[in-house]
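2 protein chains.
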Amino acid sequence: MIKIVVDVFSGDNPRALIKGTAAAVNQYPDVHIVMPGDPEFLGSELALYDYDKTRLEILPASEVIGNDESPTVALRQKRDSSLVKGATLLKNDPEVGGMISAGSTGAILCCGIFVVGRIRGIDRPALAPILPTAGGGSVCLIDCGANSDCRSEYLAQFALLGASMMRSVCGVEDPRVAIVNVGVEGHKGNMLTAQTTKILKDMPVNFVGNMEARDALSGKYDVLVCDGFVGNVLLKSIEGTARYVMNDMVEALKKNAPAGLDLSFVEASEKEVMRNFDYNSYGGAFLLGCKKPIEKVHGAANEFTIPCAVGQTRSMILSGMVDKIVERLGQMERKTTEE
Amino acid sequence: MIKIVVDVFSGDNPRALIKGTAAAVNQYPDVHIVMPGDPEFLGSELALYDYDKTRLEILPASEVIGNDESPTVALRQKRDSSLVKGATLLKNDPEVGGMISAGSTGAILCCGIFVVGRIRGIDRPALAPILPTAGGGSVCLIDCGANSDCRSEYLAQFALLGASMMRSVCGVEDPRVAIVNVGVEGHKGNMLTAQTTKILKDMPVNFVGNMEARDALSGKYDVLVCDGFVGNVLLKSIEGTARYVMNDMVEALKKNAPAGLDLSFVEASEKEVMRNFDYNSYGGAFLLGCKKPIEKVHGAANEFTIPCAVGQTRSMILSGMVDKIVERLGQMERKTTEE
Numbered sequence: 075m076i077k078i079v080v081d082v083f084s085g086d087n088p089r090a091l092i093k094g095t096a097a098a099v100n101q102y103p104d105v106h107i108v109m110p111g112d113p114e115f116l117g118s119e120l121a122l123y124d125y126d127k128t129r130l131e132i133l134p135a136s137e138v139i140g141n142d143e144s145p146t147v148a149l150r151q152k153r154d155s156s157l158v159k160g161a162t163l164l165k166n167d168p169e170v171g172g173m174i175s176a177g178s179t180g181a182i183l184c185c186g187i188f189v190v191g192r193i194r195g196i197d198r199p200a201l202a203p204i205l206p207t208a209g210g211g212s213v214c215l216i217d218c219g220a221n222s223d224c225r226s227e228y229l230a231q232f233a234l235l236g237a238s239m240m241r242s243v244c245g246v247e248d249p250r251v252a253i254v255n256v257g258v259e260g261h262k263g264n265m266l267t268a269q270t271t272k273i274l275k276d277m278p279v280n281f282v283g284n285m286e287a288r289d290a291l292s293g294k295y296d297v298l299v300c301d302g303f304v305g306n307v308l309l310k311s312i313e314g315t316a317r318y319v320m321n322d323m324v325e326a327l328k329k330n331a332p333a334g335l336d337l338s339f340v341e342a343s344e345k346e347v348m349r350n351f352d353y354n355s356y357g358g359a360f361l362l363g364c365k366k367p368i369e370k371v372h373g374a375a376n377e378f379t380i381p382c383a384v385g386q387t388r389s390m391i392l393s394g395m396v397d398k399i400v401e402r403l404g405q406m407e408r409k410t411t412e413e
Numbered sequence: 075m076i077k078i079v080v081d082v083f084s085g086d087n088p089r090a091l092i093k094g095t096a097a098a099v100n101q102y103p104d105v106h107i108v109m110p111g112d113p114e115f116l117g118s119e120l121a122l123y124d125y126d127k128t129r130l131e132i133l134p135a136s137e138v139i140g141n142d143e144s145p146t147v148a149l150r151q152k153r154d155s156s157l158v159k160g161a162t163l164l165k166n167d168p169e170v171g172g173m174i175s176a177g178s179t180g181a182i183l184c185c186g187i188f189v190v191g192r193i194r195g196i197d198r199p200a201l202a203p204i205l206p207t208a209g210g211g212s213v214c215l216i217d218c219g220a221n222s223d224c225r226s227e228y229l230a231q232f233a234l235l236g237a238s239m240m241r242s243v244c245g246v247e248d249p250r251v252a253i254v255n256v257g258v259e260g261h262k263g264n265m266l267t268a269q270t271t272k273i274l275k276d277m278p279v280n281f282v283g284n285m286e287a288r289d290a291l292s293g294k295y296d297v298l299v300c301d302g303f304v305g306n307v308l309l310k311s312i313e314g315t316a317r318y319v320m321n322d323m324v325e326a327l328k329k330n331a332p333a334g335l336d337l338s339f340v341e342a343s344e345k346e347v348m349r350n351f352d353y354n355s356y357g358g359a360f361l362l363g364c365k366k367p368i369e370k371v372h373g374a375a376n377e378f379t380i381p382c383a384v385g386q387t388r389s390m391i392l393s394g395m396v397d398k399i400v401e402r403l404g405q406m407e408r409k410t411t412e413e
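Chains A and B, in that order, are what the protein sequence lines are.
With the numbering used here, the residue at position 290 of the first sequence is 364, and numbering never jumps.
With the numbering used here, the residue at position 120 of the second sequence is 194, and numbering never jumps.
Looking at chain A on its own, in the form it has when it is part of the complex (with noise of 0.2 Å):
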């Protein structure tokens, strides 16, 4: 049984998530998931729903840590919120492999270093969303918003953990590691992106050289590697520009159709496409670099991201992928210890 944390108390709308939750235990028989909150309305939510009850518990927690919070403050004085017992029981409990949030950022960060704590190599945890790309692959762009202001070696640590995780979730079997810059030419860029592709090239991971933020998409790379603040300008234009250009699309297309005609199917095909371009139907972003997978799942999240987060959650957990990147951390140590 594959034992998965979900604290659904930090996000807009823990009814929704709570819905999920149920719907995410019936589609995967083998996972047992532990829900951290208030046992009354969880309690009261769960009822509403038909759902395997033995493989579901519920952990009492009093408290909610809000998304205007300081982090590191209330990691300090809310033990008793869901998000810290959830990361608690994740650290000290042997069977439970993973935790899903739909907690700020800020706060996230905090537990996966405070409470689960950092792989020893790591030096900063970074948030890494999976996205659809076109022809049908996915890419990791990592980090997306944890660390805004990043050093050289940082960026590379998530080049290490971005090729990892598409090795094990996505089974992608060399992922192509680029650095997200201003060009694709090797002098382009900024002092960070310099000092990080020299730094690379001596890793192994099979770095491929600078995208173009036009690129992003392209199915060219399968992991994009910058800082937190860049990332998270990258990863929220590309929502906006979606919504953007569908908007006006299907505004044009109302306005060029024959009269009379049916645009059922104008609808139909506006769903299918954003779907791909919608945060929370693509589940959420891992946290990686700490001692065990965290996933965060956006505040707004609803009822179908749960489902598809455990289900990337428990890939993450079945690859044993934190013990891989320990294994190659070690290895390099060891290689640069040699040399």
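Please keep in mind that the hints were generated in silico from the structure rather than gathered at the bench.
The reader is advised that the hints may include incorrect statements.
Same chains, same label: a pair holds when it works inside one copy or across any pair of copies.
[Unchecked claim] No farther apart than 20 Å at their CA atoms in a straight line, the calculated lysine to any residue pairs in the SDA-like style are these:
| no. | residue 1 | residue 2 |
| --- | --- | --- |
| 1 | K165 | P145 |
| 2 | K329 | G210 |
| 3 | K272 | L130 |
| 4 | K272 | E313 |
| 5 | K262 | R198 |
| 6 | K262 | G140 |
| 7 | K365 | N330 |
| 8 | K262 | V147 |
| 9 | K93 | G117 |
| 10 | K165 | H106 |
| 11 | K127 | G211 |
| 12 | K329 | A208 |
On the provided structure of chain A, position chain B as indicated by the hints.
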């Protein structure tokens, strides 16, 4: 008569740009164009088109600065290149009001700084395209690629330059200036945005706070301030995402449309929408902060780019924007001195 230099030789496709230049002469009866370059080539290409020959003159220049050359080396060694000749004329001839070039960002930036010269009080000129937003408005993104590593003072100056351009070129009375950031909350961001926020609060611009990248095209802002690395990533991801969303949508529409339906309205709608997300159709980006306006058009610009760019540079010259910036910087300086 408004005199503008148009350098077509540094682009990928001079022939198309020459055609566009002839068209621009026809479109703007008060514009006089000077084209630096190989007189023979220019002459034989221009002979293909019908335009008012009294308002287009050739400035002989035997060299071309390529996209892959080191800008500083090229500037020193290729004194007879179209770009350097054009920039030198712009600097020395009081009748010439502005320049348009299809050259590389680096080469144009070097010409702006070392040939034309910076406005006193501006540390770094910045590239600023004007993008169409939802609701038919427009937004200036500054810097979008001239300065990859920035100090907060540069960003504050970008705010001033961008606001001035939006007043001059787009007639926005009191441009709303925002910092591109990872969240709208004041405490979010990196060291650069934190420092820039402090400076902007005391500056004579309508600073409205942070903007998340998903709202870049929302129409809620008039000027988006960021370093050239982030701006470049934002701009190119808008461009790239628009293309991917549209491709997916057209494919989905074809698949879902009733059999036998004439889909020419889909193609027409696609063209209509993509015009707004296509670099070429909206002219170019201004290099702001130099003593005379310089507009960079995309290396892959086509014949339709030039008339659009000529119109923008013409507006910029007519508005007397550079003088207004000089005046505003002078006021700020006096205020600081008095305090």
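Against the structure, the hints:
{"no.": "1", "hint": "K165 <-> P145", "verdict": "within (19 Å within a copy, 54 Å between copies)"}
{"no.": "2", "hint": "K329 <-> G210", "verdict": "between (31 Å within a copy, 16 Å between copies)"}
{"no.": "3", "hint": "K272 <-> L130", "verdict": "neither (48 Å within a copy, 49 Å between copies)"}
{"no.": "4", "hint": "K272 <-> E313", "verdict": "neither (31 Å within a copy, 29 Å between copies)"}
{"no.": "5", "hint": "K262 <-> R198", "verdict": "between (26 Å within a copy, 18 Å between copies)"}
{"no.": "6", "hint": "K262 <-> G140", "verdict": "between (41 Å within a copy, 15 Å between copies)"}
{"no.": "7", "hint": "K365 <-> N330", "verdict": "neither (55 Å within a copy, 46 Å between copies)"}
{"no.": "8", "hint": "K262 <-> V147", "verdict": "between (40 Å within a copy, 16 Å between copies)"}
{"no.": "9", "hint": "K93 <-> G117", "verdict": "within (12 Å within a copy, 72 Å between copies)"}
{"no.": "10", "hint": "K165 <-> H106", "verdict": "within (17 Å within a copy, 73 Å between copies)"}
{"no.": "11", "hint": "K127 <-> G211", "verdict": "neither (36 Å within a copy, 54 Å between copies)"}
{"no.": "12", "hint": "K329 <-> A208", "verdict": "between (28 Å within a copy, 17 Å between copies)"}
Hint compliance for this structure: hints 3, 4, 7, 11 are broken, all remaining hints hold.
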